[in-house]
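Protein chains in written order, with the working numbering: chain A, 1 to 147; chain B, 148 to 281.
If you are wondering where the hints come from, they were derived from the structure by calculation, not from laboratory data.
Here the structure is a predicted model, which is why all the values come from computation and not from measurement.
Keep in mind that a hint or two might mislead.
Claimed, not checked - Example chain A residues on the side facing chain B (calculated, C-beta under 7 Å, incomplete):
{"hint": "1", "residue": "Y44"}
{"hint": "2", "residue": "P46"}
{"hint": "3", "residue": "M47"}
{"hint": "4", "residue": "I49"}
{"hint": "5", "residue": "T52"}
{"hint": "6", "residue": "G64"}
{"hint": "7", "residue": "A68"}
{"hint": "8", "residue": "T69"}
{"hint": "9", "residue": "Q76"}
{"hint": "10", "residue": "L78"}
{"hint": "11", "residue": "K91"}
{"hint": "12", "residue": "K92"}
{"hint": "13", "residue": "Q98"}
{"hint": "14", "residue": "D126"}
{"hint": "15", "residue": "G127"}
Ideal Cβ placement from N, Cα and C applies to all residues, glycine included.
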Amino acid sequence: MFGISRVFDGGLLQEFRRLEQEMDEMLGRSPWPAATRPASRGTYPPMNIGTTPDNVEVYLFAAGLDPATVDISVQQNLLTVSGQRKVPEQKKATWYRQERFDGAFRRVISLPDDVDPDRVSARYRDGVLQITAGRRQAAKPRQIEIH
Amino acid sequence: MSNTQEVTKQTEAGAQGRPQAREAGYTLVPPVDIFEDADGVSLVLDMPGVTKDRLRIEAEREALVVEGEAAINVPDGIEPAYAEIRSTRYRRSFTLTSELDADRIEASLKDGVLSLRIPKRAELKPRRIEVQAA
Numbered sequence: 001m002f003g004i005s006r007v008f009d010g011g012l013l014q015e016f017r018r019l020e021q022e023m024d025e026m027l028g029r030s031p032w033p034a035a036t037r038p039a040s041r042g043t044y045p046p047m048n049i050g051t052t053p054d055n056v057e058v059y060l061f062a063a064g065l066d067p068a069t070v071d072i073s074v075q076q077n078l079l080t081v082s083g084q085r086k087v088p089e090q091k092k093a094t095w096y097r098q099e100r101f102d103g104a105f106r107r108v109i110s111l112p113d114d115v116d117p118d119r120v121s122a123r124y125r126d127g128v129l130q131i132t133a134g135r136r137q138a139a140k141p142r143q144i145e146i147h
Numbered sequence: 148m149s150n151t152q153e154v155t156k157q158t159e160a161g162a163q164g165r166p167q168a169r170e171a172g173y174t175l176v177p178p179v180d181i182f183e184d185a186d187g188v189s190l191v192l193d194m195p196g197v198t199k200d201r202l203r204i205e206a207e208r209e210a211l212v213v214e215g216e217a218a219i220n221v222p223d224g225i226e227p228a229y230a231e232i233r234s235t236r237y238r239r240s241f242t243l244t245s246e247l248d249a250d251r252i253e254a255s256l257k258d259g260v261l262s263l264r265i266p267k268r269a270e271l272k273p274r275r276i277e278v279q280a281a
């Protein structure tokens, strides 16, 4: 009674495009660098990492979290984020699809060696957990003048 | 952070009224939970990073389209190092069957979770039939 509309609005075409993209990823044609701790597809929460000269920014796409249940720890350069996401039970309902993650999660992220464990901060907004880790100044490229 | 809004139904019928798919690039398909009870159908979608003003829900005849754009706080000069999410655009469409009342869809968004409630038309709700003793 309730299905995904695949033929409307180029939905079918988009599905093919997505498949193509997934094949590309599998075959390693992705332009992004590979991880040392690769996550299998569907790992929760998915994350992106970016770097600036001052900080390393980690974004975890985790909608519907209670920040109080999330544990973030840093040991040397290993950042561990763990927690629970509970999808409310619907006792009197009939389920048609259950794709959203439900349960405990844990992700371990290897940060660059120059990260200062004392300068890690986190904020949660609109379902995105952003962790900012400061880098030690010595790691910044230094311009050497020739006299 | 939670807010409820009445979803405006597309009045213009025909091709013009149909939501246009912005085809350029790659869109994320948000994971969905769908469940039904006696009064209606509920859809719950994970769309992290999406705010109310960057969310679009359109119900037109038999199609329900949910689109959103994630706003991510990205500092200047950031260089991507690793990415599992490669787009900021979400899109997913569903087919509405006739017993659902698309005019009375309610939506709420909290912490990147979009909840949609689609009530069944009152006349089509299941009725308990009393058996009369003979």
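>> The hint names A/G64 as touching chain B; please verify it with the least Cβ-Cβ distance against 7 Å.
In response: 4 Å, holds
> Is the hint on A/Q98 kept, meaning its closest Cβ partner in chain B is under 7 Å away?
Replying inline: 5 Å, holds
> Taking the least C-beta to C-beta distance, is A/K91 closer than 7 Å to chain B?
Replying inline: 10 Å, violated
> Can A/T69 be said to touch chain B, with a Cβ gap under 7 Å?
Replying inline: 12 Å, violated
>> For the restraint on A/K92, tell me whether the closest CB of chain B is nearer than 7 Å.
In response: 5 Å, holds
> Was the hint right that A/M47 lines chain B, CB cutoff 7 Å?
Replying inline: 6 Å, holds
> Taking 7 Å as the limit, does the beta-carbon of A/P46 come near enough to a beta-carbon in chain B?
Replying inline: 4 Å, holds
> Any CB of chain B closer than 7 Å to the CB of A/T52?
Replying inline: 5 Å, holds
>> Hint validation: A/A68 versus chain B, beta carbon distance must be below 7 Å. Holds or violated?
In response: Cβ of A/A68 sits 13 Å from chain B, so the hint is violated.
> Once the shortest beta carbon distance from A/I49 to chain B is found, is it less than 7 Å?
Replying inline: 4 Å, holds
> Taking 7 Å as the limit, does the beta-carbon of A/G127 come near enough to a beta-carbon in chain B?
Replying inline: This interface hint holds because 2 Å falls under the 7 Å limit.
> Per the CB criterion, is A/Y44 less than 7 Å away from chain B?
Replying inline: Violated - the Cβ of A/Y44 stays beyond 7 Å from chain B, reaching only about 9 Å at its closest.
Consistency note: the structure conflicts with the earlier hints numbered 1, 7, 8, 9, 10, 11.
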